[in-house]
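Colleague: Produce the complete structure using the sequences and hints provided.
Protein chains: 2
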Amino acid sequence: MFALAAAGADKIMLVIHGGAGTITRRSMSAEMEQQYRAGLEQALRTGHGVLAKGGSSLDAVESTIRVLEDNPLFNAGKGAVFTHEGRNELDASIMDGRTKAAGSVAGLTIIRNPISAARAVMEKSEHVMMVGRGAELFATQQGLEIVDPSYFWTERRWKSLQQDLLKEKKPQAALEGAEEKKFGTVGAVALDRSGNLAAGTSTGGMTNKKYGRVGDAPIIGAGTYAENESCAVSATGHGEFFIRWTVAHDIAALVKYRGMPVKAAAEEVIHKKLAPVKGEGGVIVLDAKGNFAMPFNSEGMYRGWIGTDGTPHVEIYKD
Amino acid sequence: MFALAAAGADKIMLVIHGGAGTITRRSMSAEMEQQYRAGLEQALRTGHGVLAKGGSSLDAVESTIRVLEDNPLFNAGKGAVFTHEGRNELDASIMDGRTKAAGSVAGLTIIRNPISAARAVMEKSEHVMMVGRGAELFATQQGLEIVDPSYFWTERRWKSLQQDLLKEKKPQAALEGAEEKKFGTVGAVALDRSGNLAAGTSTGGMTNKKYGRVGDAPIIGAGTYAENESCAVSATGHGEFFIRWTVAHDIAALVKYRGMPVKAAAEEVIHKKLAPVKGEGGVIVLDAKGNFAMPFNSEGMYRGWIGTDGTPHVEIYKD
Chain S
5 MFALAAAGAD KIMLVIHGGA GTITRRSMSA EMEQQYRAGL EQALRTGHGV LAKGGSSLDA
65 VESTIRVLED NPLFNAGKGA VFTHEGRNEL DASIMDGRTK AAGSVAGLTI IRNPISAARA
125 VMEKSEHVMM VGRGAELFAT QQGLEIVDPS YFWTERRWKS LQQDLLKEKK PQAALEGAEE
185 KKFGTVGAVA LDRSGNLAAG TSTGGMTNKK YGRVGDAPII GAGTYAENES CAVSATGHGE
245 FFIRWTVAHD IAALVKYRGM PVKAAAEEVI HKKLAPVKGE GGVIVLDAKG NFAMPFNSEG
305 MYRGWIGTDG TPHVEIYKD
Chain C
5 MFALAAAGAD KIMLVIHGGA GTITRRSMSA EMEQQYRAGL EQALRTGHGV LAKGGSSLDA
65 VESTIRVLED NPLFNAGKGA VFTHEGRNEL DASIMDGRTK AAGSVAGLTI IRNPISAARA
125 VMEKSEHVMM VGRGAELFAT QQGLEIVDPS YFWTERRWKS LQQDLLKEKK PQAALEGAEE
185 KKFGTVGAVA LDRSGNLAAG TSTGGMTNKK YGRVGDAPII GAGTYAENES CAVSATGHGE
245 FFIRWTVAHD IAALVKYRGM PVKAAAEEVI HKKLAPVKGE GGVIVLDAKG NFAMPFNSEG
305 MYRGWIGTDG TPHVEIYKD
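In order, the protein sequence lines correspond to chains S and C.
Our numbering numbers the first residue of the first sequence as 5 and each following residue consecutively.
Our numbering numbers the first residue of the second sequence as 5 and each following residue consecutively.
There's no promise every hint is true.
For identical chains, the list gives no copy identity; a pair is met inside one copy or between any two copies.
Stated by the list, open to error - In silico DSS-like links for lysine-lysine, alpha-carbon gap of 27 Å or less:
no. : residue 1 : residue 2
1   : K277      : K104
2   : K128      : K57
3   : K293      : K15
4   : K293      : K276
5   : K293      : K277
6   : K214      : K128
7   : K322      : K293
8   : K104      : K260
The set of hints was computed from the structure by calculation and includes no laboratory data.
Modeller: This is the structure in structure tokens:
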């Protein structure tokens with residue numbers, strides 16, 4: 005362990021996001037901003053700790069996302085938004101850039117850390133994607149931590165749902181103190197000492213979602229993608245657009261087939277393809293040399309990165 | 005209507021598949037082969053009828069797939085395989101190459117034609133993907149035909165499940181008269197007179213699937229993809245590989261970013277990427293000029309095409 009930690013010659017890198025949307029300086033109190041920064045830094049330090057000890061990018065992605073899932077500020081795990089029926093339905097996915105192994109879950113209501121359920125699907129089953137009760141049964145059998153659905157209840161998200169329900173009844177009603185737009189997600193991409201990439205994404209979906217709606221977070225190629233020869237990607241935004249534009253894989257395809265740097269590829273998709281159709285959101289991307297980018301076309305995106313030196317960098321606004 | 009039918013200057017094309025797997029001449033009786041050919045021809049003529057009258061590629065794809073769903077020979081709609089618990093859980097997706105609009109459903113148990121449910125999600129909701137009971141509620145509200153789950157029961161598929169369950173208990177038991185391998189799917193890609201592409205896929209998934217497993221058929225970018233500027237794709241095969249390799253969008257990406265013809269792009273993915281990792285299956289691909297291909301790396305694939313002249317062409321085996 006110590007020898008690995010001391011070896012440290014090769015680059016490690018971790019990039020995260022905590023959701024994109026209407027996030028502006030004037031809508032954010034100093035106290036709230038401080039809480040978000042602290043939450044993102046904690047997640048970055050956790051993942052960095054894994055990588056610095058020679059841990060895998062998969063372990064770093066999972067442990068980082070677990071921290072964000074456990075933090076009620078972010079729309080994933082505890083802090084997830086509510087469905088139209090007042091439930092919390094959680095989606096997540098993870099992908100190994102070395103093997104293209106992938107795991108995905110959707111519609112979970114009793115698994116504390118959906119990202120770990122996605123990883124269990126990847127490593128302990130012959131399947132890639134499981135949904136609903138079947139996925140919960142599998143996660144339970146794998147020994148993942150089960151919680152009562154009330155664990156996911158938070159006052160802030162409950163109020164968001166009530167606002168949304170009110171808006172449906174009275175579309176003209178001015179909504180004072182409106183929450184940031186209703187999509188949000190957390191995600192991480194990591195590069196480990198062995199040069200392997202991984203990506204993961206976890207979300208509570210959209211406030212007031214109906215009919216078993218599934219967004220891009222659990223869709224391999226849309227919200228999550230990783231392959232060592234191109235890049236690792238995790239997305240956040242208006243999921244329907246990210247599915248239709250196959251955003252995560254499209255960025256990887258621009259890298260592998262057009263030879264574009266990850267930054268240019270990600271900006272091409274976010275600004276030139278999604279922005280014109282009002283497909284709001286952003287991505288984090290990382291390649292096997294440690295090059296990364298965090299473009300978004302919304303007003304803000306909770307995001308950050310931490311490299312070999314272990315100094316966390318956190319950004320929230322556009323400027 | 006008549007004027008449109010008489011206009012007929014522009015090319016129309018419809019390509020379909022009815023699943024890939026262990027399909028060999030020696031495993032197929034003459035009578036069975038005749039039934040499959042008749043089923044595929046009926047589907048081709050139905051879709052061609054829509055296109056020849058000036059109908060849209062979306063209408064052609066939907067009506068063609070409905071015919072295949074209603075035919076118990078194919079693993080979609082009636083004729084779907086059984087889950088481990090002895091249920092039929094149906095998945096489908098559809099995509100419009102002109103607008104990149106898409107719709108997808110997974111885990112349906114009471115909707116007679118899942119492809120029409122996918123289209124309703126695309127056209128009548130703000131979402132792309134719905135799963136389970138929520139999706140069924142939506143489809144019911146949209147007026148789609150509801151059936152008792154027993155509608156999907158067929159003796160042949162029930163026996164397949166029993167064989168699989170037996171095999172789990174006695175892995176060494178020789179299985180005489182084993183069914184073709186347990187994946188199967190139906191799909192269609194179409195080009196209409198206006199030059200618009202569409203793609204759709206529908207499946208009962210894998211025999212003996214567990215835990216709410218979802219394969220590639222309802223995943224936009226994996227089992228289904230369509231965009232006028234590259235191509236329309238529908239896949240069939242071992243879904244987990246098709247998700248991990250983002251097969252449908254990867255073929256489209258090779259066309260749009262490498263400038264490859266659809267045939268070369270599809271063969272690259274099926275033979276050079278999937279075959280080496282034993283990712284068994286095939287795809288149908290079609291571009292806006294009417295160029296198409298139907299490559300597969302399994303022993304056979306039920307497939308066919310019909311062009312402007314209205315003559316159906318059906319193939320089953322490799323040779």
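Colleague: For every hint, state whether the structure bears it out.
Modeller: Tested hints:
1. In this assembly of identical chains, K277 and K104 lie within 27 Å of each other by CA distance both inside one copy and across copies; the values are 26 Å within and 12 Å between.
2. When the C-alpha separation of K128 and K57 is checked against a cutoff of 27 Å, the pair qualifies only within one copy, where the shortest distance is 25 Å, while the shortest distance between copies is 51 Å.
3. Proximity of K293 to K15 under the C-alpha cut-off of 27 Å is restricted to the intra-copy arrangement: shortest distance 8 Å within a copy versus 47 Å between copies.
4. Taking the shortest Cα distances, K293 and K276 sit within 27 Å of each other both inside one copy (25 Å) and across copies (26 Å).
5. Both within a single protomer and between protomers do K293 and K277 lie at most 27 Å apart by alpha-carbon distance, with minima of 26 Å and 24 Å respectively.
6. When the C-alpha separation of K214 and K128 is checked against a cutoff of 27 Å, the pair qualifies only between copies, where the shortest distance is 13 Å, while the shortest distance within a copy is 31 Å.
7. Only within a single protomer do K322 and K293 lie at most 27 Å apart by alpha-carbon distance; the minimum there is 26 Å, versus 43 Å between protomers.
8. Proximity of K104 to K260 under the C-alpha cut-off of 27 Å is found in both arrangements, the shortest distances being 15 Å within a copy and 23 Å between copies.
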